[in-house]
Structures are given as structure tokens and as C-alpha cells.
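Work out the full structure, taking the sequences as your base and the hints as a guide.
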Amino acid sequence: MSINTLDDVEFGENLPAFQPDTSLANVKRFAVAAGWNTPRFTDHEAARREGLPGALVPGIMSQGFLSAMIHRWAPSAEVRLVDTIFRAPCVVDETYHINGVVTDIDEEAGEVEIDLTVTNDAQETRVFGTAKVLIQGTD
Amino acid sequence: MILDLHAHSIKSDDGRAKVQNYCQWIKTRNIAIDGFVLTEHRQFDDESDYSQLAQKHGLTILKGAEVETEYGHVLVFGVTQALQEAFDFSDIHLPLAKVLAACETHNAVAVPCHPGRKRVGMAAHLDEFGIPAGVRIVEVFNGGSRGDEDAVAHALAEEQSYMGIGGSDAHIVSHIGRCATEFPQQINNETELVAALQEGNFHALKLNQEA
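Residue numbers (this note's numbering), protein chains in the order written: chain V, 1 to 139; chain F, 1001 to 1211.
Check the hints yourself; a few may be wrong.
Derived DEER-like restraints, expressed as beta-carbon distance ranges [stated by the list, open to error]: (1) N1107(F) / D21(V): 54 to 60 Å; (2) A68(V) / S1051(F): 38 to 44 Å; (3) E1085(F) / H71(V): 47 to 53 Å; (4) D7(V) / P1184(F): 31 to 37 Å; (5) I1092(F) / D83(V): 19 to 25 Å; (6) N1107(F) / H71(V): 48 to 54 Å; (7) A1032(F) / T5(V): 31 to 37 Å; (8) K1018(F) / P16(V): 21 to 27 Å; (9) G64(V) / K1118(F): 24 to 30 Å; (10) I1092(F) / D121(V): 30 to 36 Å.
Think of the hints as simulated: they come from the structure by calculation, not from any bench. C-beta: ideal position from N, C-alpha, C; glycine also.
So this is what it looks like as C-alpha cells:
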């Protein structure tokens, strides 16, 4: 269900989770577009030579996936903050899940707080954080 | 009684959860815990009084701390003013022996947490510093564990005959109660928690939660 007004939002509600495209081809396209075209994001071997487990999904790409989830859920939401803490790297070509859940509703301010996580298939949290979004009330 | 012995609120630099939202989440999602302990990083939260919130939601909310030593991070339960004067909670290079000795003197309990974790867990430092004297309990289930971290913690506990606790290490609301510790008795305050830990009659739990 798409969220249009604050009245539609429920505490504990899950946002529509999805599995992002973290293939090397897609991450390369993003890295070029974002001006972050360095081997640590686009070349597994080069990244391993830097001591990394493989090419990494850029942090801002993960934030982009999280923001995309919010807008799929509430297309007219104004995202005020995406505050992320990177606990473990997300490696290109591995499978991840983008998740969100409503954990606070400030009806007066029209603000909703959302817990954000990027998890892997083992359900380990790689990235966590919160988003604050403004959603219009009923007119 | 089931308590999540390791949680952070917005009082911690990397904590993003408000305590009232932890309570709301536990009740809304029927999380199988009776309360939790706020273990803020490198500090004891003297200011906050959660007694009304606890009463409103029928939960036990206690306070402890998570300090940093050469063996990694350590939970401290039973923090008093005297204990806070015994060592600097904000020091990121505390000697574990000093923390353990101060806890012994001031009737508190120190528990190395996520001991299987690289860099901030006790097992990572045993080759360099050896087995520390005086540890009796370690955290064997941590909600933020990745890979084999909990397995390493369990192996260490078994090898050294440590008792094990569980805690979620929650930093966001929806992570509270992922792991916890079950006690046979009711625990109402920090003094009773210390007594229960000293008694040793408890076990660590990993709790499944619906997505």
C-alpha cells in the first residue's frame, strides 16, 4: 500500500523490502555517475589488493537504495535525514536486502522515523540507521 | 524473567533509539522480554530517570555502561558513584584488570561483550595479552554478531568455564530483544541484577523475531 498521508502510517509498519542490484555492472554505472569511479568500487581484484574483501558497494549507493525504498512506500514523503552507520562492508555481487520499519510517529510535526537496515542472506546487519521523513497530514 | 542486557539509546554516540520507542516496540511487536539494560558507550547516564516509562509499559528498565579496555569492550552492571570515581568511563584504553578490580570492590559486575568480534572483542587480544584473570561471565549471544562471532564467544566460554549472557546490542529501535538473558527470579533494580549475575543462575537466549 502506498502512503499518502500521516494517517496511513502505523507504528511498527514494515516498508516494502527489496533486493537491490549490486552487480558489478550496476555498481560501475553508479560509481561513474557519482564521480566515485575508483577500483575499490569497480574491480574485485584491485579491491582485494587494498585488503578489502572485494569491490565495495559505495555507502552513498546504499543510502540511495534506502531512500528509494522510502519513496516507493510514500511517494510524496520529504526525506529530511538518512543517518546511516556502516558496520560491515557490502561487497559487490553479493546479495543484500534493503529494509525499513516505522519506529516513531510525531503527529504534531508530521514526522515519521524509520529504522533502516541493509542485511545479507545470513540476516547480518551490514548497515543500520534511521531516516526522518515528513508526510503530510489529512487536509 | 528475561532481560536484554545490552542496549544503547540516543545517549550513545552511535545510538539512534529513543527509550520510549524501545518500550513501544516491545509491546507492539510482543517481544518476549521483560525489560532491558541501557549500556551506553563510555559513560553512565546519571541524568535519565526511566521509572515512569517503565511503569507505564510494565517493563524493567535498568542502566549500566559499556567501557573500553585493552581486551575490547566490557559491559558494567551495578554502576554507582563510587565506581564512577574508581576509573574514567570515557577512557578508551582502560586496563581490564583495573575495571574488574573496581567492580569487585564496589559490588558491580564486568562482562566482556561480543568477545568473538575482531578488534573490540576479548578473543582477538588473547594472543597478545593472555587469558585475563578475574573474568567470570562473557556475552555469548550478541544481536549484532556476524559470521562466527557468537561461535567464537561460546567456544571461549566453554574453554574457560565462563558463564554466558545475551544482549541485543541494539542501537536502533527494531533491534531490541534479539538476544537476552533469562533469570529464574524477578529483577527490579541494578542491585538485584548484580546479585543475580553473581549468583550465576541464568542463561543466554537468542530470540527469533517476526520480520
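Hint-by-hint comparison with the structure:
1. N1107(F) / D21(V): 54 to 60 Å: 55 Å, holds
2. A68(V) / S1051(F): 38 to 44 Å: With a Cβ separation near 42 Å, A68(V) and S1051(F) satisfy 38 to 44 Å, so the hint holds.
3. E1085(F) / H71(V): 47 to 53 Å: 51 Å, holds
4. D7(V) / P1184(F): 31 to 37 Å: 45 Å, violated
5. I1092(F) / D83(V): 19 to 25 Å: 23 Å, holds
6. N1107(F) / H71(V): 48 to 54 Å: Between N1107(F) and H71(V), where Cβ atoms are some 53 Å apart, the hint holds.
7. A1032(F) / T5(V): 31 to 37 Å: Holds - the Cβ-Cβ distance for A1032(F) and T5(V), about 34 Å, lies within 31 to 37 Å.
8. K1018(F) / P16(V): 21 to 27 Å: 25 Å, holds
9. G64(V) / K1118(F): 24 to 30 Å: The hinted range 24 to 30 Å holds for G64(V) and K1118(F), with Cβ atoms some 28 Å apart.
10. I1092(F) / D121(V): 30 to 36 Å: At 34 Å between Cβs, range holds.
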